[in-house]
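*Asks:* The listed protein sequences correspond, in order, to chains A and B.
According to the numbering used here, the first sequence holds residues 46 to 592 in order.
According to the numbering used here, the second sequence holds residues 271 to 509 in order.
None of these hints come from the bench; they were simulated from the model.
The model shown is predicted, which means the values in this text are computed figures rather than measured ones.
Note that CB positions come from ideal geometry on N, CA and C, so glycine has one too.
Do not take every clue at face value.
[Said to hold, decoys possible] Quick list of simulated restraints, FRET-style, between CB atoms:
hint, chain 1, residue 1, chain 2, residue 2, range
1, A, 96, B, 441, 16 to 26 Å
2, A, 235, B, 505, 27 to 37 Å
3, A, 357, B, 498, 27 to 37 Å
[To be verified] In silico lysine-lysine, BS3-like type, Cα no more than 25 Å apart, as pairs:
hint, chain 1, residue 1, chain 2, residue 2
4, B, 356, A, 539
5, A, 153, A, 233
6, B, 480, B, 274
7, A, 361, B, 356
[As the list claims (entries may be wrong)] Part of the chain B face toward chain A, derived, beta carbon under 10 Å:
hint, residue
8, 315
9, 367
10, 391
11, 401
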Amino acid sequence: MTPEDLSDRATAELERQQGFRERLHCCTAAGCLSCGAEQLKRELNAQVEARGLSQQVEVHGTGCLGLCSRGPLLRRASDGAVFHELEPSEAGLLLQGDAASEQALAAKRLDPTHPFFAHQQRIVLENAGRVDPQQLDTYLAVGGYSALARAVSELSRQEVLAEVRASGLRGRGGAGYPTGVKWELVAKQPGTTKYIVCNADEGDPGAFMDRSVLEGDPHRVLEGMAIAGYAVGASHGFIYVRGEYGLAIQRLQGAIRQAEREGLLGPRVLDSAFRFRVDIRIGAGAFVCGEETALIASIEGGRGEPRPRPPYPPEKGLWGQPTLINNVETFANIAPILRRGGAWFAAIGTERSKGTKVFAVAGKTVHTGLVEVPMGTPLRTIVYEMAGGIADGGRVKAIQTGGPSGGCIPERLLDLPVDYESLVGVGSMMGSGGLIVMDEATSMVDVARYFMEFCRDESCGKCVPCRTGTVQMHQLLERFCAGQAGEHDLALLKELGTLLREASLCGLGQTAPNPVLSVLRYFPEELEQRLHQDAEAAAAAAPTEPA
Amino acid sequence: MSVKTLTINGKIVTGLAGTSLFSAAWEAGIRIPRLCHIGGLSDIGACRLCLVEIEGRPRLHPACMTEVEEGMVVRTESERLHAHRKLIVELLLAEGNHVCAVCVSNGHCELQDLATSLGIDHVRVSYQHPRRPVDASHARFTLDLNRCVFCRRCMRVCDEVEGAHTLDVAGRGAELRLIADLGQSWGAAESCTSCGKCVQVCPTGALFAKGAAVGEMTKNRAFLQYIVTAREKHEWIRK
Chain A
46 MTPEDLSDRA TAELERQQGF RERLHCCTAA GCLSCGAEQL KRELNAQVEA
96 RGLSQQVEVH GTGCLGLCSR GPLLRRASDG AVFHELEPSE AGLLLQGDAA
146 SEQALAAKRL DPTHPFFAHQ QRIVLENAGR VDPQQLDTYL AVGGYSALAR
196 AVSELSRQEV LAEVRASGLR GRGGAGYPTG VKWELVAKQP GTTKYIVCNA
246 DEGDPGAFMD RSVLEGDPHR VLEGMAIAGY AVGASHGFIY VRGEYGLAIQ
296 RLQGAIRQAE REGLLGPRVL DSAFRFRVDI RIGAGAFVCG EETALIASIE
346 GGRGEPRPRP PYPPEKGLWG QPTLINNVET FANIAPILRR GGAWFAAIGT
396 ERSKGTKVFA VAGKTVHTGL VEVPMGTPLR TIVYEMAGGI ADGGRVKAIQ
446 TGGPSGGCIP ERLLDLPVDY ESLVGVGSMM GSGGLIVMDE ATSMVDVARY
496 FMEFCRDESC GKCVPCRTGT VQMHQLLERF CAGQAGEHDL ALLKELGTLL
546 REASLCGLGQ TAPNPVLSVL RYFPEELEQR LHQDAEAAAA AAPTEPA
Chain B
271 MSVKTLTING KIVTGLAGTS LFSAAWEAGI RIPRLCHIGG LSDIGACRLC
321 LVEIEGRPRL HPACMTEVEE GMVVRTESER LHAHRKLIVE LLLAEGNHVC
371 AVCVSNGHCE LQDLATSLGI DHVRVSYQHP RRPVDASHAR FTLDLNRCVF
421 CRRCMRVCDE VEGAHTLDVA GRGAELRLIA DLGQSWGAAE SCTSCGKCVQ
471 VCPTGALFAK GAAVGEMTKN RAFLQYIVTA REKHEWIRK
């Protein structure tokens with residue numbers, strides 16, 4: 046396919062779509078599939094057939110529409126209305142389109158002005174509800190692969206790098222390293238064998254941003270990777286997906302096959318001299334493989350264990366060659382940046398954090414699901430306005446961001462704008478985008494214990510502080526939960542926390558104490574309360590001295 | 271090859287580019303505690319005992335895997351480092367079943383020496399008392415996992431020097447264990463050449479020659495340096 050063919054195909058697809066009176070986008074991401082989206086879609090197709098509407102109405106799957114707690118969701122293209130919790134029996138109503146059926150469906154209609162949707166600004170998820178992940182042409186119709194076409198036919202490597210740098214995009218995997226700088230580091234390395242790696246080993250409890258992108262818009266990630274390959278001089282990319290993401294893997298495999306067949310990937314990308322192939326590697330269920338050096342070891346076929354850095358992957362990565370590792374969301378931002386320019390992207394967000402961030406809101410809120418908000422949005426807006434606060438008028442106690450590497454943020458700090466620095470400043474981190482809301486009934490000590498248990502189970506066992514320290518810290522927290530801890534336990538907990546942070550080999554161990562440290566910082570009374578109980582109980586149980 | 275000049279503990283030290291801080295310090299007579307490092311094998315930076323402070327860098331760096339750089343200012347001893355090392359050794363003592371009184375390596379054990387030199391007179395963390403197996407199926411050697419600290423020296427010497435790669439680790443975290451071949455008993459592992467190098471590099475009594483009683487197992491580290499020197503410099507004479 047040449048760049049000209051690309052725009053022809055896009056136009057043809059748009060015309061085809063306009064030929065339909067109505068197009069129904071049925072969410073087929075894992076969340077909606079789990080509550081019957083497939084049956085709904087099948088019933089819709091059957092009804093379309095039965096009513097002889099196949100020339101007028103098109104039904105197809107699409108990516109995550111966001112409000113996963115209310116699935117299955119469906120978006121109607123003609124007026125953009127989104128319906129929730131649809132039953133297959135309601136398929137007929139959707140197709141009638143008269144006033145009576147509209148009336149019947151009114152209760153299932155989501156309000157598009159609801160803050161959950163109104164406060165969102167979609168870049169990464171822009172195609173959710175528009176593109177069918179299994180139909181390449183629907184991606185082409187919304188400008189898909191035009192950024193790659195422009196890069197390989199019009200732009201030099203330096204120009205692509207400059208655009209990414211100008212955007213101010215920072216790594217969405219959690220640490221927030223400037224993407225443009227990382228790309229330049231790899232681009233400047235000598236040698237002709239370089240690799241692009243997409244980290245899709247999303248493992249934080251409660252996080253599913255990357256999964257949604259892969260399931261709903263896999264071509265966007267491939268396009269981002271190919272652009273990166275062109276910019277840094279790599280011709281081979283790997284996507285490392287966790288094995289639990291069956292549907293994402295299936296969609297990716299399909300997308301890679303389609304892209305190769307159409308010449309969007311392969312020996313001559315869009316009829317240029319640039320070649321790029323993408324392979325999938327499937328993780329076997331180790332959280333630590335999300336750490337870049339462990340991920341590299343795993344792709345190489347070794348045991349998924351981290352090694353000390355430096356050397357960093359841009360210098361020595363996969364098989365000792367310069368390697369660019371970015372996560373799914375980072376790559377998903379690349380095509381829009383090239384299409385609309387780095388300056389456009391840099392105008393969104395805060396001083397030091399540009400663009401948008403996708404959060405997976407989970408926990409005790411009224412609405413849960415995926416939201417994409419501009420950087421700088423106050424956490425309070427996300428928790429109260431968008432997610433609707435706690436159900437039944439309960440009160441928010443704290444939110445947890447950054448998964449087992451992050452920390453808790455108490456309710457009083459929720460006016461904090463979302464950006465990398467502000468979250469680190471309060472002892473948490475952006476992380477990959479998990480956001481768990483907890484109410485007054487939640488014990489923060491329990492939360493700390495849960496995350497420590499997670500880290501203990503996921504420690505690879507290579508370095509001593511993490512392998513044995515997480516075991517000890519977890520046991521200490523168990524003791525607190527059981528009300529059996531003493532003052533010395535608190536001191537030891539702090540000391541172990543410092544050891545893990547300063548002496549562990551990789552990020553997993555270094556950040557494992559964060560949930561505990563943040564409880565010590567914001568909810569020390571909860572730990573001390575347990576101590577006092579213990580002291581009183583001990584005093585009561587102490588034998589009195591014989592007279 | 272260029273030579274780098276740096277300062278370690280206030281002492282001016284030189285090292286060839288590419289050598290580790292650990293080696294440069296060692297040559298200058300500065301001893302840094304370590305467990306996973308052993309001269310002649312590749313480094314993995316796993317025990318975290320050789321962590322040092324480098325001026326201008328917020329993080330601690332493993333001396334075995336940090337290359338010397340011009341003008342580096344390094345401290346190998348400080349209150350913070352001492353506290354970390356002490357806690358790491360305490361964690362190791364609590365993790366396995368280290369009972370010196372009945373151990374073949376009593377008196378010749380690197381873990382014991384570390385505990386002594388760091389002034390450890392009791393362990394603050396909880397003893398785990400794990401149930402770990404003893405593999406005595408090999409004709410000449412025994413593997414007692416109760417005494418293993420997972421420094422992986424045995425694994426590396428078997429792979430890098432002997433070339434057999436009989437030993438490796440399986441599982442993760444607290445479930446980590448040393449295995450022979452694909453997890454069968456050591457005696458049944460066909461790749462083992464019974465060379466005994468693993469036994470000689472083991473810092474504790476986890477690997478020992480059969481027939482050794484309490485305190486009788488001494489290890490000979492010189493052989494490793496001999497083989498490595500012979501290979502690298504083609505000096506085939508034992509000194």
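*Asks:* Does each hint hold? Answer for all of them.
*Replies:* Against the structure, the hints come out as follows:
{"no.": "1", "hint": "A:96 <-> B:441: 16 to 26 Å", "result": "violated, 59 Å"}
{"no.": "2", "hint": "A:235 <-> B:505: 27 to 37 Å", "result": "holds, 35 Å"}
{"no.": "3", "hint": "A:357 <-> B:498: 27 to 37 Å", "result": "holds, 29 Å"}
{"no.": "4", "hint": "B:356 <-> A:539", "result": "holds, 15 Å"}
{"no.": "5", "hint": "A:153 <-> A:233", "result": "violated, 54 Å"}
{"no.": "6", "hint": "B:480 <-> B:274", "result": "violated, 46 Å"}
{"no.": "7", "hint": "A:361 <-> B:356", "result": "violated, 33 Å"}
{"no.": "8", "hint": "315", "result": "holds, 4 Å"}
{"no.": "9", "hint": "367", "result": "violated, 14 Å"}
{"no.": "10", "hint": "391", "result": "violated, 16 Å"}
{"no.": "11", "hint": "401", "result": "violated, 15 Å"}
Of the numbered hints given earlier, the model fails hints 1, 5, 6, 7, 9, 10, 11; all others are met.
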